[in-house]
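Whenever a hint applies, use it, and build me the whole structure from the sequences.
So the protein sequences, as listed, match chains X and L. So the first sequence is residues 3 to 251, counted in our numbering. So the second sequence is residues 6 to 82, counted in our numbering.
Just so you know, the hints here were simulated from the structure itself, not pulled from any lab data. Some clues are possibly wrong.
[To be verified] Cut-off 30 Å, straight-line C-alpha distance, at most; resulting in silico cross-link-like pairs (DSSO-like, lysine-lysine):
no.	chain 1	residue 1	chain 2	residue 2
1	X	K238	X	K32
2	X	K241	L	K33
3	X	K211	X	K238
4	X	K106	X	K32
5	X	K238	L	K11
6	X	K241	L	K68
7	X	K238	L	K22
8	L	K33	X	K238
9	L	K68	L	K22
10	X	K169	X	K238
11	X	K238	L	K68
12	X	K241	L	K11
13	L	K22	L	K11
14	L	K33	L	K68
15	X	K106	X	K211
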Amino acid sequence: MDDTQLLRYHRHILLPQVDVGGQQQLAQSKVLIVGLGGLGSPVAMYLAAAGVGHLVLVDFDRVDGSNLQRQILYGTAQIGQDKSESARSQLLALNPEVQITVVKQRIEAEAELEVYMNEVDVVVDCSDNFATRFAINAACVHQGIPLVSGAALRWGGQVAVFLPAQKHSPCYRCLYDDRLEEAEVCSEAGIVAPLVGVIGSLQAVEVIKVLLGIGDSLCGRLLLFDAYTQIWRTVKLHKDSACPVCSQN
Amino acid sequence: MAIRVKFFASLREQVGKSEVQIEADESKTVAQVWAQVCDDAPLPTQLLMAVNMEYGHQNTLVKDGDEVAFFPPVTGG
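Dropping the structure here:
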């Protein structure tokens, strides 16, 4: 690291759990983010600012005026632009040292994601529907790649970490039955703007910990946040021995 | 002693309360707990549940002193 980088990442380097070695490890890491909406915005911005070396950004959508209330990667001038391209410009302005790969694609099947997972260290699920979430989970389980999952709606959010390389780690499918109908969407139910900032920031924290192999991750735990009552809860998760996705893993 | 039943996030709004207590005269399942506190309504399929802060299912047994929490699935991003 040169002097500019030492200055830039100084507050990370001060942390004994990160130090110069950890910061260099972040710089050599590759993180794939699916969904560049409310959650994907803070996740991508914090990981870029934190110096994660390579971000793969996956989103098929364009910026809509109704996104701007909470999707802080975009401003009024970006309405109508591709989210992924727009996000790349914004993130490079934030930190030009980060390598950004853009994938303009809707992910609904495991194979669609696997082609972009080469040498990926962590996948972050910031998507907004079950089909994409199950596809991401299956790909992560079968490739043995850690998954940091977040979701938010109305006043409530959830975060969990799944580590398929660990024998007893549950997967997203152990938690959510894929026979569940689509849960509500924010275009109908609404969402309070900073909630995605809270949940996305928690996801970014978990990504950094998993990348550096430090701390206690949310693996085997589901964190629930109710912003309206300001109550946090953690529910213990167990690997489902009959899970069709991970029980053979 | 009793069984404490908690409703989280949007469920709290739907049910209209965040917590109730019921008498634990006998061991019962999570589905039976739901029916007792929600006027015999069937347990919705779109629901997650935990007993003593451990992920459970509708047939998980609940006894005196336990806490049952219901919370909604969330997929928004």
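Go through the numbered hints given earlier and state which of them the structure violates, listing their numbers in rising order.
none
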